[in-house]
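Hey, can you piece these two chains together into the complex? The hints should help.
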Amino acid sequence: MSIKIDIHKCTGCGKCREVCPGSLLAEDSAGKTQIKYPKECWGCTSCVKECNFNAIQYYLGADMGGKGSFLYTKQEGQLLHWIIVAPDGSRQILTIDKRQANAY
Amino acid sequence: MNLKTKNLETDILIVGGGTAGCFAAITIAENSDAKVMIAEKANIKRSGCLAAGVNALNAYIVKGQTPENYLAYAKNDAEGVVREDLVYTIAQKLNQVTQKVEDLGLVILKDDAGEYVSRGNRNIKINGENIKPILADAVSKLSNVTVINRMNIIDYILQDGKIIGAYGFSLDTAVLYVISAKAVVCTTGGAAGLYKPNNPGFSKHKMWYSPFNTGAGYAMGIRAGAEMTTFEMRFIALRCKDTIAPTGTIAQGIGAQQTNSKGEEYEKKYGIPKTSIRMYSTVMENQKGNGPCYLKTIGISQEQELDLYKAYLNMAPAQTLSWLENGNGPANENVEIEGTEPYIVGGHTASGYWIDTNRATTIQGLYAAGDVAGGSPQKYVTGCFAEGEIAAVAAVAYIQGKVITSPDPQAVEIKARTVNDFFRNKQGLYTVEEIEEAMQKVMDEYAGGISSSYVFNLSKLQVAKRQIKDLLELSYKLKAHDLHELMLIYEVIDRLYVCDTLIQHLSARKETRWHTFQENADYPERDDANWLKYVNSRFSEGEVKIILRDLVKKDDIYEHKD
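First to last, the protein sequences are chains Z and E.
In terms of full-length UniProt numbering, the first sequence opens at residue 1 and continues consecutively.
In terms of full-length UniProt numbering, the second sequence opens at residue 1 and continues consecutively.
Just chain E, with the same shape it has in the complex (with noise of 0.2 Å):
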């Protein structure tokens, strides 16, 4: 097979078409005339984290409550290190952009006086089963948008300092798309399968984020050497124990607290309740012998029952199913938890791309939103709408008066060439799939993953950095087959990146600040005097290089300048 390269055209690309990227899109057509083309390497109907649904707006600001309020918790809840700005940006527009996707067609549960039902503070119920077909309707709408599905991008095409396209490949024909853009809007997701999974076997991608959100995003903006924040605070999510379904869901729908094998509920020993918190209590509850860990929900009406397999039905199947398999509900028994192993997001923690305020990268015309874009945690669904709508307006004004460039083409021929020959390599003794699992083994044994309890240290890390970087030189030996081998090797090759910006990061924080998302045994404390900092990196000659920088406030409106 040969890759034959075909130009494209377009004001504004999206990359990925999923929950921040879609958002983007229609944000663009309401407030301009510019031509919009989204790449979606699957299918915007079912893409991204919104596959199965979601099943409750957890970003929203209910009565009573205040976007102050909003950043507070987030602030709290991420140890002080958080991008205000960004949080607070995205706290005030929480509630318009729920509006807006409820106009669309989401049904989202009113009381009689036709309020939204909260669960919890900032939390809302829905039926979020069909989300995604709503948000891809809503953009097929739109006449200036352009989704091209089962297309890969792969790279941007960077010239004289600017971000003026991208590459990407189709998954059906062999074409190298090379797309220019006069502004790129990054909404890729974050990054699933770096670590060695909790069901290693044949359920391999039973996992809490999107398997096939591996990093794309961040590993190209590494490799044009835009600056990235705070991927140390990793994200490890407490879940229904082989399904890996979502225990928010019974933690705070009917209030079941988490107990361990002697029916002690132990969270409380631990502190007060943060996401990281409810997670390090449960490793350490087994650390101690007390294990298995479980939701207590023996008690519950057949009634509640019956409303929870329902609302597992409508984002995490599998659970209800294993309920019914197993011919014993949560009525009868309690649901063992456990922690998954860790992810790049920054929707949940907030690894990612170092934005100004506007949502611009370090490299001009390049924007992030979503899962891909850091420095605001708890983003959520709504958080990203409001990020990518953000990212969409700063696109919008970058684009005036803005030319499309044209990429130099010797430089596409090397990058023709470079993809080419994963279809030249002689097949060698290792599959990608191979590479793909001793990533995930280095990781889980070297840079704290579930069988460590999260736990590293910098000898350990020094291991696993040198390990990573003999896979990557392997990694470009791969032998291709059709173009669907060529993703999963793009998709490795990009993982692998994504790794070695995550072990620099988990080097660099020299405290311990969230306990499991980023445990160093070398300084098990936290150490507010030194490093209520944020990390930063920039990959430049082959090496990714550390940034201290100050934390950023509330009312700040911050720029790149240095």
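Chain Z with its partners taken away, still in its complex shape (with noise of 0.2 Å):
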């Protein structure tokens, strides 16, 4: 499990890179945001939240029986969208309102 940045919509602003706490995120020689250590992310989602550009795609290793899907995250307001896209493209939203708390 890990995070790949699409490079086209990635603008280098690096507020992923400030919060990624294992510090695994470094700016490349174009200005944009890789991640230098894939296997060192833990997955906590930190930065696919802080990127406002959609460039930041949460996958599941194959080792943990990804299929190629992917999430992001939008934000609205008090809500905060999980925007899970599968292979075929298909997509499917999951909202979570930060006012409300959890059912379990």
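In case anyone wonders, no lab produced these hints; they're calculated from the structure.
Note that CB positions come from ideal geometry on N, CA and C, so glycine has one too.
Any given hint could turn out to be false.
[Unchecked claim] Subject to a maximum C-alpha distance of 25 Å in a straight line, what follows is the list of computed DSS-like cross-link-like pairs (lysine-lysine):
| no. | chain 1 | residue 1 | chain 2 | residue 2 |
| --- | --- | --- | --- | --- |
| 1 | E | 465 | E | 402 |
| 2 | E | 269 | E | 296 |
| 3 | Z | 36 | E | 426 |
| 4 | Z | 15 | E | 141 |
| 5 | E | 110 | E | 6 |
| 6 | Z | 67 | E | 545 |
[Stated by the list, open to error] Far from chain E, some chain Z residues (derived; all Cβ distances over 12 Å):
| no. | residue |
| --- | --- |
| 7 | 8 |
| 8 | 13 |
| 9 | 18 |
| 10 | 28 |
| 11 | 38 |
| 12 | 49 |
| 13 | 52 |
| 14 | 53 |
| 15 | 54 |
| 16 | 66 |
| 17 | 76 |
| 18 | 92 |
[Stated by the list, open to error] Pulled from the structure, derived: some chain Z residues nowhere near chain E, Cβ distances all over 10 Å:
| no. | residue |
| --- | --- |
| 19 | 11 |
| 20 | 30 |
| 21 | 34 |
| 22 | 62 |
As structure tokens, then:
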């Protein structure tokens, strides 16, 4: 499990680099952010939530049963949308209202 | 690269801006004008255990319960060996710190009467996805608190028997910080990555505990000669297979039972369910050929399934992704469970600094709280808040009338040389990653890892001890090419020190008190006549020396004497 950064979407703003708890992200020669140590990722999605450009895709490694889907998030006020994209391009959106507690 | 030294001063240095560290800073600011510095390896916005969020507050005194009940539960779950004074002083503060974090902005579920909605006897329901940004925001508003992100603390400055500060280096610039402080509060968290993990390949860091909590606080304390306790009570978590996501949300949330492949609810076959027994029963069922084991979720409603998807997104998004990826959610397929590799963590089990009731360690000027502090299991998030408060109040009292001590320039020079040696070392045969994997293999095979169903014996531990010492020697010859690699080298060195102490503790307790956590094949029975005791240790002259101590009771005020 790890992340991939779409360099076409990444603006190089650096917000994800700031928060990664493992300091795993680095700026490349073109000023974009890349994950330098993909195997060191904890999967906390801190970077995903910082990215305003949908550039960071979070996925499960094949060793964890990953089959090619990925997810990213979109903030909308108090709502956090989790968008899961399947390999065939179909999308599923799960929305969490930050003002509501978990049912469990 | 060559790190140049730079001096910094503060009244109280907090090492690690996680759960306990942030609360310690907030408490100091409320109770004094002391200048506080938080040294944080990452960025406090998302560092420590709470990076992804947390699903519930698991230590709370719900209506009808009392701090005395909480202590009774923790003591029973730990088979009688806890520091009652520490657990009780935490339990008394649980509700007050919960109120405080709610005031800071944490969403906690309430019923129509305004009471928190409980999940069991000690748990309340929250939306904890943003708990860490909430804490970081609160800290950033404090004028006396300076946060230095991306600073990796590597050792205390010990002078004339007192801790007078710490050394650390920046992850961005070639600077070795020499921080002088009147008192240091250690809140670095526990240690992950000691044992070969569940997913040893690409997803090696998909583990229960933060892989970036590498036992720095323990190792610094060990090297400085602080007394440590209960390392032999390892923590092994029962988790969802592969994603290593929590099982409690399913088990407590929808009341799912543990079942084996034959559909039998097996947990009750193994006696009264305790944290370690839930784990042990699963190991035993697998050994008997009854695996895989599951949480029985088939038949839950679509609404319950959706609620589970959302609950996991708030703390362990990999699990939700895994369900969707699989095309079969928990309503149609039971959730497979497995045990993790062992961790050393004082917030779940009880490994850490041997502290007095005020959270002072055995070295003057040094306090500890949270996962790095020993003796009081079942702290969880709110217990770490509470302990951060207690340590902060004690540190504030300690610095009254104290002045900052300047470190001996010669000692600083030696430290700078040692650190810079890692840049000067020639590239040898081994990389830091290889040393880490070798350590995890040794611990897995010879110190009771997953591959041996957590069982060890003295003969195996002796092999582990020797090989860990060899690896420690090799690690000082590693070459760092940049600051990130320097951090990785220090992390592996720290973990090797923790392993060394852990092995000695496992060797010392000649009984089996906590199944799987401490499963001693030479002494497979619990022995209350001889072992209702704490196993403590102190590192001196290159060796871990074991000290056995008598149990401390609830109303005792424990002070360090010898």
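Unmet hints by their number, sorted upward, for this structure: 1, 5, 6, 9, 11, 12, 16, 18, 22
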